[in-house]
Amino acid sequence: MGKTLAEKVWDAHVVRRAEGEPDLLYIDLHLVHEVTSPQAFDGLRLAGRPVRRPDLTLATEDHNTPTLDIDKPIADLTSRTQIETLRRNCEEFGIRLHPLGDVEQGIVHVVGPQLGLTQPGLTVVCGDSHTSTHGAFGALAFGIGTSEVEHVLATQTLPLRPFKTMAINVEGTLKPGVTAKDIILAVIAKIGTGGGQGYVLEYRGEAIRALSMEARMTICNMSIEAGARAGMIAPDETTFAYIEGRPHAPKGKEWDAALEYWRTLYTDDDAVFDAEVTIDADALEPFVTWGTNPGQGLPLSASVPDPESFADETEKAAARRALEYMALEAGTPLRDIAVDTVFIGSCTNGRIEDLRAAAAVVKGRKKADSVRVLVVPGSAKVRLQAEQEGLDKVFTEFGAEWRHAGCSMCLGMNPDQLAPGERSASTSNRNFEGRQGKGGRTHLVSPLVAAATSVRGTLSSPADLEPVG
Amino acid sequence: MEKFIRHTGVGVPLRRSNVDTDQIIPAVYLKRVTRTGFEDGLFAAWRGDETFVLNNPAFASGSVLVAGPDFGTGSSREHAVWALKDYGFKAVLSSRFADIFRGNSGKQGLLTGQLSQDDIELIWKALENAPGTEVTVDLDQRVVTCGEIVAPMQVDDYTRWRLMEGLDDIGLTLRHTDAIDDFEAGRPSHKPRTLV
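The listed protein sequences derive, respectively, from chains A and B. In this text, residue positions in the first sequence follow UniProt numbering: the first is 1, and each later residue adds one. In this text, residue positions in the second sequence follow UniProt numbering: the first is 1, and each later residue adds one.
Hint data in this document are derived by calculation from the structure and do not stem from the laboratory. Model, not experiment: these values are computed from the prediction. Any given hint could turn out to be false.
Straight-line distance between alpha carbons at most 25 Å, and here's what the computed DMTMM-like set of lysine to aspartate or glutamate pairs gives [unchecked claim]:
#, chain 1, residue 1, chain 2, residue 2
1, A, Lys316, B, Glu128
2, A, Lys8, A, Asp270
3, A, Lys438, B, Asp40
The following label-pair restraints were derived from C-beta to C-beta distances [to be verified]:
#, chain 1, residue 1, chain 2, residue 2, range
4, A, Arg161, B, Asp168, 14 to 24 Å
5, A, Glu92, B, Asp168, 16 to 26 Å
6, B, Thr145, A, Pro162, 25 to 35 Å
7, B, Ala185, A, Pro162, 49 to 59 Å
8, A, Phe310, B, Thr145, 52 to 62 Å
Beta carbons: idealized from backbone N, C-alpha and C, even for Gly.
Start from the sequences and build out the full structure, keeping to the hints where you can.
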């Protein structure tokens with residue numbers, strides 16, 4: 001019997017296999033940031049252990065970093081301590097770090113692919129659940145906790161139990177205005193926030209093949225929101241073209257050897273998935289969330305659901321709680337929901353194509369007076385690229401704030417937060433209670449919906465806008 | 001790591017599904033660089049609500065959390081496990097756990113025991129009818145008892161063995177350094193390196 005893509009990558013990394021024990025898996029690339037690493041480095045120090053492979057490790061500062069006044073000392077003292085701790089740890093253990101202000105600084109999941117470090121067939125880990133992003137290249141990439149960060153630093157391996165595999169077949173063609181974000185929100189709404197538990201998802205089908213690398217990253221990024229550890233897409237010509245020429249892409253003969261290997265990374269015709277789900281791309285519309293977990297989403301044309309309409313008692317109770325927290329009435333058309341803040345950024349939708357898409361919608365328009373619009377590039381390089389293309393001017397003339405790179409309002413560890421009761425349309429990945437600031441209310445949307453919403457002030461798609469006069 | 005064989009303590013009914021790690025400990029509490037002292041961040045947003053279960057004095061000293069399905073979803077932050085442990089929890093019972101949270105718990109000696117949702121409902125009722133009731137979590141026998149209720153508990157063999165022996169993963173892996181050396185010797189040269 002053939003193998004799935006995930007099984008091929010897994011099997012190529014087994015260091016040790018023993019009956020009744022997890023497999024010991026080799027890790028090709030370990031990404032590190034300031035929040036989940038200090039206690040891991042402390043553990044190494046206490047045990048007198050070195051970092052086994054600093055040359056397979058890369059650190060960047062992203063979760064805590066301010067997006068304004070980045071040339072000044074960080075005002076929040078605990079944030080500053082955490083950043084300084086990472087700097088000291090990287091120095092002590094010989095790890096390459098891209099600090100705030102460096103041209104390669106940015107969200108760890110934007111930086112890896114941008115440098116060409118993320119490649120097909122690798123195992124990639126990071127102390128961050130959105131590590132699943134890197135699966136867009138056909139890598140097996142997943143988030144780990146701090147104990148595992150320490151384990152990888154010390155041994156470059158992890159003991160892991162094999163995942164099950166689930167095919168997500170996205171057949172057909174997306175309509176204009178429907179994006180990768182809408183695909184993944186629809187997938188999560190369909191299988192639920194626990195639907196992917198124990199699985200690696202493989203996104204397949206015509207609609208996936210047609211996506212750019214950046215759009216594929218958006219999809220794999222949110223695999224964790226369906227409960228899956230990882231999401232993968234088989235590498236193809238789109239993947240190879242994206243990697244070629246990047247700073248860490250293989251060169252010359254190494255490129256040929258790599259390419260030969262990468263071309264073997266697909267699910268065999270006779271391989272069997274443990275589960276399969278099919279999504280009809282033609283039927284998809286822009287998707288938004290109404291509740292407090294990413295599975296509570298609906299097409300923008302729908303209305304806030306009645307909790308009593310759910311068959312399952314747990315879902316009913318969750319929907320009641322969600323509507324109360326979100327201050328929404330059942331039956332309200334989603335398009336009538338007014339927001340205070342629009343956030344465009346994050347490891348889900350903070351790459352150059354996302355900024356281009358949003359800029360194309362707002363160009364020549366003015367934002368709604370009632371709305372604050374934050375545009376936060378995913379990395380310093382994305383910011384530079386956008387400025388070269390004049391996107392910063394498009395956003396500032398529109399009335400948006402053009403910020404420096406980082407995780408920012410996706411999780412509100414830095415000063416970019418919602419005030420209690422404030423409502424956002426956000427291109428990020430989590431609408432949990434308080435995620436973007438205590439008492440804040442989040443609607444997850446695509447960059448196109450975020451942009452259109454910032455024009456009208458209520459949840460909208462570009463199709464709702466009057467043509468620019 | 002401390003061994004876990006069996007534990008008896010006050011059960012806390014948390015009647016919520018999808019308790020994500022942002023609820024267990026919000027991001028603002030993640031800025032510390034130490035491994036202890038996270039108890040003040042545990043369920044921080046909910047603890048402001050006087051009806052929240054941990055604000056009931058009968059439950060405040062609880063050490064066995066009995067939660068709804070899909071506990072620990074979202075972020076990989078191990079701080080969620082540290083916060084539960086620092087508060088005094090020894091075990092969390094649910095019908096379904098998020099993978100990363102369950103993995104993190106295992107590394108830190110916090111038991112995540114999987115029960116059927118029907119048994120969770122029975123235990124919730126028992127705890128709510130008599131706040132302060134104790135629950136016994138027996139990892140050796142893989143069974144949870146609460147008054148008259150005796151519920152089978154699922155924990156995989158390997159995690160059970162590690163918890164009962166109190167074993168540290170890194171120490172276990174370092175016994176196989178030769179296998180790691182051998183694997184590294186065979187890695188293709190086209191794989192990327194961060195240092196040039």
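For each hint, the structure was consulted:
Note on A/Lys316 and B/Glu128: the hinted pairing holds, with a Cα-Cα distance of about 21 Å set against a maximum of 25 Å. A C-alpha spacing of about 13 Å is found between A/Lys8 and A/Asp270, which places the hinted pair at or below 25 Å, so the restraint holds. Of the pairs offered as hints, the one joining A/Lys438 and B/Asp40 holds, with about 15 Å between alpha carbons and a cut-off of 25 Å not exceeded. The supplied range of 14 to 24 Å is met by A/Arg161 and B/Asp168, whose beta-carbon atoms lie about 18 Å from each other.
Look at A/Glu92 against B/Asp168: about 22 Å separates their beta carbons, and that is inside 16 to 26 Å. Checking the proposed 25 to 35 Å range against B/Thr145 and A/Pro162 shows it holds: the Cβ atoms sit about 33 Å from each other. Between B/Ala185 and A/Pro162 the C-beta distance comes to about 25 Å, which lies outside the given range of 49 to 59 Å. Remark: the range hint 52 to 62 Å for A/Phe310 to B/Thr145 is contradicted by a beta-carbon distance near 33 Å.
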